[in-house]
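Colleague: Sequence:
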Amino acid sequence: MSVIAERISELGYEIPEIAAPVAAYVPATKIDNFVYTSGQLPVVKGELPETGKVGEGEGLVDPDKAAEYAGICALNALAAARGVLGDLDRIVRVAKVTVFVASDPEFTAQASVANGASVLLGKIFGDAGIHVRSAVGVAVLPLNAPVEAEFVFEVA
Numbered sequence: 001m002s003v004i005a006e007r008i009s010e011l012g013y014e015i016p017e018i019a020a021p022v023a024a025y026v027p028a029t030k031i032d033n034f035v036y037t038s039g040q041l042p043v044v045k046g047e048l049p050e051t052g053k054v055g056e057g058e059g060l061v062d063p064d065k066a067a068e069y070a071g072i073c074a075l076n077a078l079a080a081a082r083g084v085l086g087d088l089d090r091i092v093r094v095a096k097v098t099v100f101v102a103s104d105p106e107f108t109a110q111a112s113v114a115n116g117a118s119v120l121l122g123k124i125f126g127d128a129g130i131h132v133r134s135a136v137g138v139a140v141l142p143l144n145a146p147v148e149a150e151f152v153f154e155v156a
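Residue numbers (the numbering used here): 1 to 156.
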């Protein structure tokens, strides 16, 4: 088992199977010393745990749950990266994270939702998990997912 896979397991998570694309694209690609992932939804065992817009109130996805879903997106991205690398220990740094949050019009805490991915990557990679990031509120995401995220990893 790789060092990164062991750390993920120690944190109580596991790397899932690569999520099947929902359209005409690949989950990840390697170019030079970087792996770029496609947008990752918080799919667990082939299904979204929840759908809808993020915000406060009845009928909306709770922001704390959305942050957890952003972490699931990060795990799915690591699965996609492993698919092209073979070994997650080849990742030397998390370079960039972009998190899209399907937001209720009144919701403005997209950065807090994105922290779900950023904090988890920091726990997994330590200092190598520190990255630049964008957190963007959008009207709707594929399959009515509350969160989608894409990642860029520097690799050896």
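Honestly, the hints are just simulated from the structure, not real lab data.
Because the structure is a prediction, the values reported are computed rather than measured.
Note that beta-carbon positions come from the ideal geometry of N, C-alpha and C, so glycine has one too.
Some hints here could point you the wrong way.
[Said to hold, decoys possible] Computed beta-carbon distance windows for the label pairs:
#, residue 1, residue 2, range
1, P142, K96, 18 to 24 Å
2, V92, E47, 30 to 36 Å
3, N33, S2, 31 to 37 Å
4, F34, D127, 17 to 23 Å
5, K45, S2, 29 to 35 Å
6, R7, G57, 17 to 23 Å
7, V92, E56, 34 to 40 Å
8, K96, G59, 28 to 34 Å
9, V22, E58, 16 to 22 Å
10, I130, D89, 44 to 50 Å
11, E106, A156, 40 to 46 Å
12, E58, D89, 25 to 31 Å
13, R7, E106, 24 to 30 Å
Colleague: If a hint holds in the structure, say so; if it does not, say that too.
Modeller: Taking the hints in turn, this is what the structure says about them:
{"no.": "1", "hint": "P142 to K96: 18 to 24 Å", "in the structure": "holds (21 Å)"}
{"no.": "2", "hint": "V92 to E47: 30 to 36 Å", "in the structure": "holds (33 Å)"}
{"no.": "3", "hint": "N33 to S2: 31 to 37 Å", "in the structure": "violated (19 Å)"}
{"no.": "4", "hint": "F34 to D127: 17 to 23 Å", "in the structure": "holds (18 Å)"}
{"no.": "5", "hint": "K45 to S2: 29 to 35 Å", "in the structure": "violated (22 Å)"}
{"no.": "6", "hint": "R7 to G57: 17 to 23 Å", "in the structure": "violated (37 Å)"}
{"no.": "7", "hint": "V92 to E56: 34 to 40 Å", "in the structure": "holds (39 Å)"}
{"no.": "8", "hint": "K96 to G59: 28 to 34 Å", "in the structure": "holds (33 Å)"}
{"no.": "9", "hint": "V22 to E58: 16 to 22 Å", "in the structure": "violated (29 Å)"}
{"no.": "10", "hint": "I130 to D89: 44 to 50 Å", "in the structure": "violated (18 Å)"}
{"no.": "11", "hint": "E106 to A156: 40 to 46 Å", "in the structure": "holds (44 Å)"}
{"no.": "12", "hint": "E58 to D89: 25 to 31 Å", "in the structure": "violated (45 Å)"}
{"no.": "13", "hint": "R7 to E106: 24 to 30 Å", "in the structure": "violated (38 Å)"}
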